[in-house]
Amino acid sequence: MIDCKQLREVLDLYADGELSSEAIAQANQHIAECGACRRAVENLSRLREAIRDAVGRPKPSPELVERVRSLILPRWYQTWAAQGIAATLVLAGFLTFFAPGVRGSAATALDYFSIRLDTSPRQVVMEGTLLCRDQQLAKQYGYRPMCRITGHHGWLVTSDGRFWGLLEGSVSQELIHNSSLLGRRVKIEGRIFRKAGSIEVSSYEFL
Amino acid sequence: MMRLGWRSRSERFETEALPHLPALFRMARQWVGPEAADDLVQESFLRAWKYFDTFDKSTNCRAWLFRILRNVWITRWRKTRLELPLSESQEEPIEPYYDWEDEFLRGELSAEVQRAVSDLPAEYRMAILLADVEEFTYKEIAQIMDCPIGTVMSRLNRGRRMLGRLIRTQRREGQPEFEIAPSEQPFRRKL
Chain A
2 MIDCKQLREV LDLYADGELS SEAIAQANQH IAECGACRRA VENLSRLREA
52 IRDAVGRPKP SPELVERVRS LILPRWYQTW AAQGIAATLV LAGFLTFFAP
102 GVRGSAATAL DYFSIRLDTS PRQVVMEGTL LCRDQQLAKQ YGYRPMCRIT
152 GHHGWLVTSD GRFWGLLEGS VSQELIHNSS LLGRRVKIEG RIFRKAGSIE
202 VSSYEFL
Chain B
804 MMRLGWRSRS ERFETEALPH LPALFRMARQ WVGPEAADDL VQESFLRAWK
854 YFDTFDKSTN CRAWLFRILR NVWITRWRKT RLELPLSESQ EEPIEPYYDW
904 EDEFLRGELS AEVQRAVSDL PAEYRMAILL ADVEEFTYKE IAQIMDCPIG
954 TVMSRLNRGR RMLGRLIRTQ RREGQPEFEI APSEQPFRRK L
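In order, the protein sequences belong to chains A and B.
Each residue of the first sequence is one higher than the last, beginning at 2 in my numbering.
Each residue of the second sequence is one higher than the last, beginning at 804 in my numbering.
Quick caveat, the hints were computed from the structure, so don't treat them as lab data.
Check each hint, because a few of them may be wrong.
As the list claims (entries may be wrong) - Think about it this way: if two alpha-carbon atoms lie no more than 27 angstroms apart in a straight line, the pair counts; the simulated DSS-like pairs of lysine-lysine are: (1) A:K6 with B:K942; (2) A:K188 with A:K140; (3) A:K60 with B:K853; (4) B:K860 with B:K942; (5) B:K942 with B:K853; (6) A:K140 with A:K196.
Hey, can you work out the whole structure from these sequences and the hints?
Put into structure tokens, the structure is as follows:
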């Protein structure tokens, strides 16, 4: 059996339930027989209870709960601003790919952007066949053709199997947009941008 | 550590971590006060979400979150340097309780206890709140506070003794300096 000194030394462990079952039994036996130690145990228990009461059970505000919950939502979902940007991008994408005028302008802008990066233009005369760009890309890469919406878009295919984009311009208008010319062989004179894979047409004649 | 998909990760976080939000909030209020508690809790959950993949499912999520709460609190404290750290060059020996059988803990205590708890040094306050309010085991407290179990024991022992002394002092200061005899008590004169 333990004495008063031993019990007071393990009072915290006893109150916190950290003693072994054997030690608890010994402590209980002493407490049952010693009034002073019993009061010490009761007072420590009362203190612990008073601490719990003093702290209470404050509830977090609904705003805090919402803020924390929003952490586990995907980032793009979190703010109206981000949602606005996402909606604008979707709309822009839709217009680019489904509105013929916008799509054509976007493609032309990309063409001109690509030739600006190409520092290797030179004057050439090339022969080839006019074929539709979307149909060729669909055949070769499984690209979804937009011809039904935007109309055919003329490209030059040379005998080595390479495709050449025809840059939009007053001279090339017919070659690009007149679908009745598809399949015709043509000789084109102009500047070639090898890296961009484009030709700026200055004149042409059908063969 | 295996990375979870976003959906299963968020579902797990919602079922395992979010239910402990009130407990973390309660503790944060005691550590930093009601004004800063929201920010501390939010930052802790942000960090918990960020590192949730590293949480070992077989361990106690509540203890893991409290450890993060403490780390965030320490980071803030280091940034703001509002309070000096507790210097513990060596572990304090546990002192036996010899003065706990008197009546100083009788009656309504919560206001005095609240004041006394907030007057305790931070690490003692933390150990006491983790043990008495959150009822963590010593082992869990040691993990949360990143210290040996022996240090937890000495902090609880010293902290509770300090708390007892603070309450006793408050009670003494709140009482009149001398006792006035009740008027109905008969005056006895020696004949």
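Results for each hint:
1. A:K6 with B:K942: Distance of about 25 angstroms is within 27 angstroms: holds.
2. A:K188 with A:K140: holds (24 angstroms)
3. A:K60 with B:K853: holds (25 angstroms)
4. B:K860 with B:K942: holds (18 angstroms)
5. B:K942 with B:K853: holds (25 angstroms)
6. A:K140 with A:K196: It holds: about 22 angstroms lies between the C-alpha atoms, which stays within 27 angstroms.
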